[in-house]
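J.: If you want the building blocks of each chain, they are given just below.
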Amino acid sequence: MIKVLHVIPSLSQVHGGPSRALPIIEKTLTEAGVWVETATTNDNGAGMMMDKPTGEPQLENGVTRWYFPKQTDFYKVSRPFSRWLRHEVTRFDVVHVHALFSYTSVSACRIARNAGVPYIIRPLGVLNTYGMNQSKAFLKKTSLRFIEGQLIKDAAAIHFLTKKERTESVMLPYKMRSTVIPLGIDISVCETSSMILEKLPMFRNRFVILSLGRINLVKGLELLLEAFAEFTKSNTGQEAVLVLAGTGGEAYLESLKNLSRELGIGDSVTWLGHVDGDLKSSLLDVADLFVIPSESESFGIAMVEALGAGIATIASPGVAIAKEVEEAGACKVVERTSGLWAEAIANILKDPVGRMEMGRRASSFVRNHYSIEAMGRKLLGLYKSVISSERTY
Amino acid sequence: MVTLISTKEGFGLPIVEAQATGRSVVTSSTSSMPEVAGEGAILVDPYSSRSIRDGIKTVIENSEYREAIIRKGFENIGRFSPEKIASQYASLYRKLSITKESQ
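Residue numbers (the numbering used here), protein chains in the order written: chain A, 1 to 393; chain B, 1001 to 1103.
By construction, these hints were calculated from the structure, which means they are not laboratory data.
Values in this document were obtained by computation on a predicted structure and should not be read as measured data.
Built from N, CA and C at the ideal position, the CB exists for glycine as well.
Watch out, some of these pointers could steer you wrong.
Said to hold, decoys possible - Restricting the straight-line Cα-Cα distance to at most 30 Å, the calculated cross-link-like pairs of lysine-lysine (BS3-like) are:
1. B:1072 <-> A:332
2. A:163 <-> A:27
3. B:1008 <-> A:378
4. B:1057 <-> A:233
To be verified - Output of the computed footprint for chain B on chain A, the stretches with three or more beta carbons under 8 Å from beta carbons of chain B:
5. 309 to 319
6. 373 to 379
In isolation and in its complexed conformation, chain A is listed as follows:
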């Protein structure tokens, strides 16, 4: 039986996609007969800790998880994690490290390398030019040069989620072994339900435009609000409402709300905060159009969920999966200017047949390309190949 240890700085839901993907990976691998353990910190967002016992095994999601105390917010340092891993690392055939510029990631790579255990890095989008130029750019570049660079070269494989992520990687000029395995999503989360929202008058007889995901700068929501305002001004058809589901920093959220009021669309924008369960299924059911205007998105898991539900979608070119989805006729990719977005929104909303056809192609595409089964098969193949190949550290 293959034994794999996953290392991720945090499992907190406040971090969005990356933390949500891991439970799916754990479950899929377990079902494929892999022994899975996960080590992480008890981080629950800046200044917050999860209420979990630390340093002892927890049975969660069908796997063994280990939480270690986060000692600093910056870099999420956890020395108890390193102490534990030095003792335990040889129990595993392979260590799969999620994220890069974080204490647990660097520590896990080093410990695995020193112990001769192959390790795989999933960089979560930070290696592309955009990610490198975001927060703490200088620190990242310096750190990459002196620390992560060598760990990347010594990794058994770098696990990219899309071809775009690999092509745009700043490490491309260097020697690295890499592979592309998309995330699989649990198709059942795309199940739609008409339980809740059809009862709300807000949504009745109105087009519903849905945005789902964390609310922060990279998501391009200013552009979306401006485009929606432009669209609303010239819209002569059925009224539309823009629904923003997701959490974000208070100050930033407030600035977006102010912007929507300044644009005169305050009454047509609904802020729902974090959604899941029936409310989320209901949103996927009621939405006429899904929008994802992000500047950069290393995968776009929220978009996959919307596509899987069969919703017509407009995406920005920064969303890694957008191009391949558009090639299948399953979404529309639009350059990030508010004028073009307003036009695209208008065109899709006035074409119910085109919307229906795009939605149908979207749900088929997700089943065929981003299913959990496909991901499980590919990950297992990757583990087998890194375990059997010779390493020279």
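Since the structure of chain A is already known, use the hints to place chain B on it.
T.: Frame of chain A, contents of chain B only:
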């Protein structure tokens, strides 16, 4: 409206029958169904309840599109007329017997 939203179908005779009687057809985008339906049906993803709903809704709400589907359905059934099918069988049999004689 006739719906045939199977995940698999060897042929899908109800599609042709519905088209011949001037019904609007909603059927699956998988297996043999798109080929049999031609342009004369709305295709939906049989695994997605939303896609099925949106297809049925389109037939109900969009009369222009519904009429177009029905018209194209009538055109489509020409491919399956008894004369056409019989002559295809006949030419297949002729081809087989010629092959046998020449052996």
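J.: Does each hint hold? Answer for all of them.
T.: Tested hints:
no. : hint             : verdict
1   : B:1072 <-> A:332 : holds, 28 Å
2   : A:163 <-> A:27   : holds, 24 Å
3   : B:1008 <-> A:378 : holds, 27 Å
4   : B:1057 <-> A:233 : holds, 28 Å
5   : 309 to 319       : holds (count 3)
6   : 373 to 379       : violated (count 0)
When each numbered hint is compared with the structure, a violation occurs for hint 6 only.
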